[in-house]
Every structure is written in C-alpha cells, then in structure tokens.
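Asker: For this one, chain A is given, so just place chain B on it according to the hints.
There are 2 protein chains.
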Amino acid sequence: MSFIDELKYNSDGLIPAIIQDDKSGTVLMMAYMNAESLERSIDSGTTVFWSRSRKKFWRKGETSGHVQKIRSISVDCDADTLLIRVDQTGPACHEGYRSCFFRTFDGERLVTTGHRLVDPQTVYGGK
Amino acid sequence: MSFIDELKYNSDGLIPAIIQDDKSGTVLMMAYMNAESLERSIDSGTTVFWSRSRKKFWRKGETSGHVQKIRSISVDCDADTLLIRVDQTGPACHEGYRSCFFRTFDGERLVTTGHRLVDPQTVYGGK
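Here the protein sequences come in this chain order: A and B. Residue numbers for the first sequence follow my numbering, beginning at -16 and rising by one. Residue numbers for the second sequence follow my numbering, beginning at -16 and rising by one.
Some hints here could point you the wrong way.
To be verified - Dumping the calculated DMTMM-like pairs for lysine to aspartate or glutamate here, alpha-carbon to alpha-carbon at most 20 Å:
| # | chain 1 | residue 1 | chain 2 | residue 2 |
| --- | --- | --- | --- | --- |
| 1 | A | K52 | B | E91 |
| 2 | B | K(-9) | A | E78 |
| 3 | B | K38 | B | E22 |
| 4 | A | K(-9) | A | D61 |
| 5 | B | K(-9) | A | E91 |
In short, the hints are calculated from the structure, not lab data.
Okay, chain A solo, but in the shape it has when bound (with noise of 0.2 Å):
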C-alpha cells in the first residue's frame, strides 16, 4: 500500500502511533508500528503494533480482549508519526484505566487522575 512506503520509520524501522478514542476523543496510549503491523492492522481493521521490549508484532487485545477496532489513521506534516482513531473495547491500559495517560503532574509531583475500569489482575490473570 503506497502510504505506508511513504512514512518517515526511525533507524528500528517504527513509527510512532498516538491512539485516540474515536467517540471522546480521549488519547488512549501510544505505541510503536513498523510497516508491515500497520498493514496488518488495515487488513484486519484492528490495531496491531511491534513490541519493542518484547521483538514481535502485538495484536492488541489478543490477551485480554480490549481490541481497538479502528476509524481512522491519519499521518502527520512530516510523515513521521501515525494518529490512529478507534473504538476501544474495555481500558487501554494494562493497568486497567481507560487511558495509558492516568497519572498528570499537578505542580509537585504525579498524581492519579485517570479512570481505572478493571482491576489488571482480573484481565491478565496475575501473569
């Protein structure tokens, strides 16, 4: 698919992608793809990134079933980073907030602000 030869990959061969719900416009998470997890996330229409700590393509949800079906990718001015819309199946985070983004500085230091939906534990079973 020529777009995605026409992205901007860093010296790993991955792209940034911003994941944004598609209904409150919450930003979820970021994670990184290279080119052949974007077209693997196109052709199944859900988002599929590369692990970086872990070497191998990440099909989000697989694990705990909280999929991101997705509604839109969208590609920055310098082509070097993906935003990517979906509806979010349960929370984003492993941790079980909504959002990746839980934790916001509020002059101090970090303070918990985000929504915690599931408790981790009951997802990913203690692993």
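Answerer: Structure of chain B alone, referenced to chain A:
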C-alpha cells in the same frame, strides 16, 4: 523536579510529547522533549521542544507567534510518553493547518482532511 527525573528517555535523551488541544480534544502534533526542554516548558508555562534536525531548543511559536499555553501534563504507564494539553494560538502545523495530522488514509491513499487556518507564507515569510 522529581517527576522529570523519573521519566524514561530514549537513547538520545528524548521523550515524545503528544500535544492535544485542551478545549476541542484535537491532537495537534507530536514533538520531542529532553529533560531540560520539559523543565523550560514547566517554568515558562509554554511548550519548548528539542529539535532533532537542528539539534537545538525550539520554543513553539517563537517565530510564528503560535504559542502553546500548557494546561496539563500527563505521563503514561511506562513513563516514556507525555501527553500535554494546551491552549493553541493559531495553527499548530507549520503548514498552516490547525493540526499536523491533516492527511487521512481513505482506503487507497492519503487525502487532505484538515482545516487550513493560514497560508504558511504569511507566517514564515516564505522561509
């Protein structure tokens, strides 16, 4: 400031910062900060980035006047990405669009879906 030291910077000492319009929720851009640019941002109340291409600090809006007044700074679960909500003066994109993510994949190619607020020639004088 302690939370600045707790963040996980990449091998270049940088952390990506997603910039979101505080009122509309529109994701405006993504750029990179190092610890000092984040400290400068907090001290000034406006965003200061690190330009990877020019290798210098870059106060958003210093040429264009399109400054970003910081409303909140959040950190993700891995502490390796920032989400900064701002009041954006004018367009965020140097190409004159409200958001840098002005191109969207239509299933075949990228099409312009963003709203151009100003002609970039009038902002940067053709530079």
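Asker: With reference to the structure, classify each hint as holding or not holding.
Answerer: Against the structure, the hints come out as follows:
no. : hint            : in the structure
1   : A:K52 x B:E91   : 19 Å, holds
2   : B:K(-9) x A:E78 : 18 Å, holds
3   : B:K38 x B:E22   : 17 Å, holds
4   : A:K(-9) x A:D61 : 8 Å, holds
5   : B:K(-9) x A:E91 : 18 Å, holds
When held up to the earlier numbered hints, the structure conflicts with none and fits them all.
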